[in-house]
Amino acid sequence: MIKLNELSKIYEQKKQKTVKAVDEVSLDIVSKEFVVITGRSGSGKTTLLNLIAGLAEPTKGQVFIDGVDLWELSDADRSALRNQKMGFVFQFPSLLQSLNTVENVVLPTIFSQKKTTQADIDRAMRLLEIVGLTDKAAAYPRQLSAGQQQRVVIARALINEPELLLADEPTSNLDEQTAKEIMDIFHDIHRNKGITILLVTHTGEITTSGTRSIFMANGSIASDVSNNSHN
Amino acid sequence: MNLFRLALKNIEDNAFRSWIVAICAGLVVAFIIGATLVINGSQESMQKVTERLGADITVIPSGNQTIVEQAFLMGVPVDIWMDRDIVEEIAAMDGVAIVSPQLFLSTMRGASCCSVSDMFMVAYDPATDFTVHPWMEENLGRELTLGEAIGGVYISDSEGRDDILVYGYSIELLGNLEPTGSGLDQSLFFTYETAMDIARHSPMQAERELIINPNAISTALVRLEDTADPFLVAQEIEASIPGINAITSANLFREQRERVDSLVNSVTSLSIIAWVMALVLIGFVTSTAISSRTQEIGVLRVLGATRTEVIKTLLLESSLLTIGGSLIGIIFAIAVITLFRNLIMNILEVPIYIPNIGDLLLLMLIVVSLSLASVFLATLIPILRISNQEPSTSIKE
Chain P
1 MIKLNELSKI YEQKKQKTVK AVDEVSLDIV SKEFVVITGR SGSGKTTLLN LIAGLAEPTK
61 GQVFIDGVDL WELSDADRSA LRNQKMGFVF QFPSLLQSLN TVENVVLPTI FSQKKTTQAD
121 IDRAMRLLEI VGLTDKAAAY PRQLSAGQQQ RVVIARALIN EPELLLADEP TSNLDEQTAK
181 EIMDIFHDIH RNKGITILLV THTGEITTSG TRSIFMANGS IASDVSNNSH N
Chain A
232 MNLFRLALKN IEDNAFRSWI VAICAGLVVA FIIGATLVIN GSQESMQKVT ERLGADITVI
292 PSGNQTIVEQ AFLMGVPVDI WMDRDIVEEI AAMDGVAIVS PQLFLSTMRG ASCCSVSDMF
352 MVAYDPATDF TVHPWMEENL GRELTLGEAI GGVYISDSEG RDDILVYGYS IELLGNLEPT
412 GSGLDQSLFF TYETAMDIAR HSPMQAEREL IINPNAISTA LVRLEDTADP FLVAQEIEAS
472 IPGINAITSA NLFREQRERV DSLVNSVTSL SIIAWVMALV LIGFVTSTAI SSRTQEIGVL
532 RVLGATRTEV IKTLLLESSL LTIGGSLIGI IFAIAVITLF RNLIMNILEV PIYIPNIGDL
592 LLLMLIVVSL SLASVFLATL IPILRISNQE PSTSIKE
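For the record, the sequence lines run as chains P and A. Residue 1 is where the first sequence starts when you use the working numbering, and the numbers rise one by one after that. Residue 232 is where the second sequence starts when you use the working numbering, and the numbers rise one by one after that.
Any given hint might turn out to be false.
[Stated by the list, open to error] Lysine-lysine pairs mimicking DSSO-like chemistry, simulated, CA-CA at most 30 Å apart:
1. A:Lys543 with P:Lys85
2. P:Lys115 with A:Lys543
3. P:Lys115 with A:Lys240
4. P:Lys14 with A:Lys627
5. A:Lys627 with P:Lys20
6. P:Lys114 with A:Lys279
7. P:Lys114 with P:Lys193
8. P:Lys114 with A:Lys543
9. A:Lys627 with P:Lys180
10. A:Lys627 with P:Lys114
11. P:Lys85 with P:Lys115
12. P:Lys114 with P:Lys136
13. P:Lys60 with P:Lys15
14. P:Lys136 with A:Lys240
15. A:Lys240 with P:Lys85
16. P:Lys85 with P:Lys60
17. P:Lys136 with P:Lys193
18. A:Lys627 with P:Lys60
19. P:Lys3 with P:Lys193
[Claimed, not checked] Computed spacing ranges between beta-carbons, pair by pair:
20. P:Ala146 with A:Leu501: 16 to 26 Å
21. A:Asp244 with P:Arg126: 25 to 35 Å
22. P:Thr203 with A:Ser523: 27 to 37 Å
23. P:Lys115 with A:Val567: 36 to 46 Å
None of these hints come from the bench; they were simulated from the model. All C-beta atoms in this analysis are idealised placements derived from N, C-alpha and C, irrespective of residue type, glycine included.
Hey, can you work out the whole structure from these sequences and the hints?
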């Protein structure tokens, strides 16, 4: 499903200094894998996730999603691919403060079909049921706890029924109990919907919770291990 | 949910930015609409009076230019007389096509008979008239006869009657001239014959007798041949006939035109200053507001919004705020002009012609379009800057 070919991302800094955030990474991820990417701060794991999602342009190399080179596409086509095939869960609270829960969940649909339909709202309500927030459909983000907001973000990530779910430190701002609940939701989604998941984390316990664990160091893949017990 | 609703929600959620943009747009639009209505209305009024009179040269008793202009423009009562014989003298001059005398009658203050309490009454000579003749030809197909009149737009029959009482004399109102926004709108036009008949009956019918010297006129309106130079003919008239002023149409209302021109200069300078200040303020506020929403915009990009959709959403927000603010500004300007029209007219000593609804809508459309274009200009740079950023950079901020 995902193929990275000698992918590099170099950031230029002041005084002509450069930082190699991702250094010639080649990687294949097949459909329905649950890949957990770990590494220390600055190891390049978030940059790698951004490159896979087409959120940052690689300095070198290629990103293929289902055989399509992301950077051969126009901005509109790349945005459409992101909208249709990918769901995102961020570390930070990424809900729009001006929209209520259900409006936030259906938000991605306005970019693919210009207008939200009743079917989208019904689907949003079903997703809110999965994440246990049916009673908060009309609530605004400021009325929700951090854990509840993250559940809404997960529901939003699933609204267009993506094939790939990308999560960047989704539990880092949550307490232990809430983090466990969120991870349980990811596992349920992976098990029940068969979605490919790429999850970036620095939390030790999560490292081995996927079907595959990748450890990054200095922008490169230091280890890549399959966790057979989850297969 | 769609982009429009998303823009509305964002407007609601960014109250400070929204109010600043709307207020700036509203104030600039109100100022420009108000100033344009006053300036254009004044110029239009003077132009319409000049066209209504139809004269290339207006001859009046010497030293009375200001009060005659005030009579035409503001309907201020005027009592001026000169010898009727000058009509023949002027008519005999080179370049003169026709001369038509008019007689201004004392206005009746507090006339209870009419919808306008202070009427400016003008008696004209139907044989030579070119002031109201075109209207009658088009609308009546005949000249006025004894006891008939036509009025300015504000002249109407008193309630329950189909005539107007002037010095106790019953006059039938046959129609109303188009509005000029000037004193002519409260004028009543009838023939010399009717004027003399009113005077003849006034001792028996009126509280005050109307006395008309049959050999007196108030003004002689001169129309020239196409080849004649109005300034030369006016000079010749003044040189040949003592005690009169011959005012060319270009010099009629000169003082008032100069006053309006000076107002135009001030208003133009103020408009430019207000416009530039509004642009800077809107640009700054939008830039600040957009910077604080960088992460939100990054999220939209991550969720699948194209660069164009981000630009469209942000410009839509600015447009909605501008249109909303402009509409409030327009209502405010029109309310101020309507409520304080008389005060403004008295200060400027120039009437203000209110344009018809079509012209008013066109003016609004132009000003709102300019306002939209200005806000686009002020907001486009921060919007383009943010939309061109890589989504991964935006979501980090």
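Each hint tested on the structure:
Between Lys543 of chain A and Lys85 of chain P, the direct Cα distance comes to roughly 24 Å. Compliance with the 30 Å bound is thereby established for this hinted pair. Our distance criterion of 30 Å between C-alpha atoms is met by Lys115 of chain P and Lys543 of chain A, whose separation comes to about 15 Å. Distance restraint check for Lys115 of chain P and Lys240 of chain A: the Cα-Cα separation of roughly 15 Å lies within the 30 Å cut-off, and the hinted pair is therefore satisfied. The straight-line distance between the Cα atoms of Lys14 of chain P and Lys627 of chain A is roughly 19 Å, inside the 30 Å bound, and the hint therefore holds.
Between Lys627 of chain A and Lys20 of chain P the alpha-carbon distance is near 18 Å, which keeps this suggested pair within the 30 Å criterion. Of the pairs offered as hints, the one joining Lys114 of chain P and Lys279 of chain A is violated, with about 53 Å between alpha carbons and a cut-off of 30 Å exceeded. For the suggested pair Lys114 of chain P and Lys193 of chain P, the alpha carbons sit about 26 Å apart, so the restraint of at most 30 Å is met. Our distance criterion of 30 Å between C-alpha atoms is met by Lys114 of chain P and Lys543 of chain A, whose separation comes to about 12 Å.
This hinted pair checks out: Lys627 of chain A and Lys180 of chain P have alpha carbons roughly 25 Å apart, not beyond 30 Å. For the suggested pair Lys627 of chain A and Lys114 of chain P, the alpha carbons sit about 27 Å apart, so the restraint of at most 30 Å is met. Of the supplied pair hints, the one linking Lys85 of chain P and Lys115 of chain P holds, its CA atoms being roughly 19 Å apart against a limit of 30 Å. This hinted pair checks out: Lys114 of chain P and Lys136 of chain P have alpha carbons roughly 25 Å apart, not beyond 30 Å.
Proposed proximity of Lys60 of chain P and Lys15 of chain P is supported: the alpha carbons are some 22 Å apart, at most 30 Å. Note on Lys136 of chain P and Lys240 of chain A: the hinted pairing holds, with a Cα-Cα distance of about 19 Å set against a maximum of 30 Å. Restraint check: the Cα-Cα separation between Lys240 of chain A and Lys85 of chain P comes to about 27 Å, which is no more than 30 Å; the hinted pair holds. A distance of roughly 23 Å separates the Cα atoms of Lys85 of chain P and Lys60 of chain P; the hinted pair therefore holds under the 30 Å criterion.
Proximity of Lys136 of chain P to Lys193 of chain P is assessed by CA-CA distance (about 24 Å); at most 30 Å being required, the pair is judged to hold. Under the criterion of a C-alpha separation no larger than 30 Å, the hint pairing Lys627 of chain A with Lys60 of chain P is consistent with the structure, at around 22 Å. Annotation: proposed proximity of Lys3 of chain P to Lys193 of chain P holds, straight-line Cα distance about 22 Å (limit 30 Å). Between Ala146 of chain P and Leu501 of chain A the CB atoms are about 52 Å apart, so this pair departs from the stated range of 16 to 26 Å.
At roughly 27 Å, the beta-carbon separation of Asp244 of chain A and Arg126 of chain P lies within the given 25 to 35 Å, and the hint holds. The hint said 27 to 37 Å for the Cβ distance between Thr203 of chain P and Ser523 of chain A, and at roughly 30 Å that hint holds. Here the CB-CB span from Lys115 of chain P to Val567 of chain A is close to 41 Å, well matched to the stated 36 to 46 Å.
Consistency note: the structure conflicts with the earlier hints numbered 6, 20.
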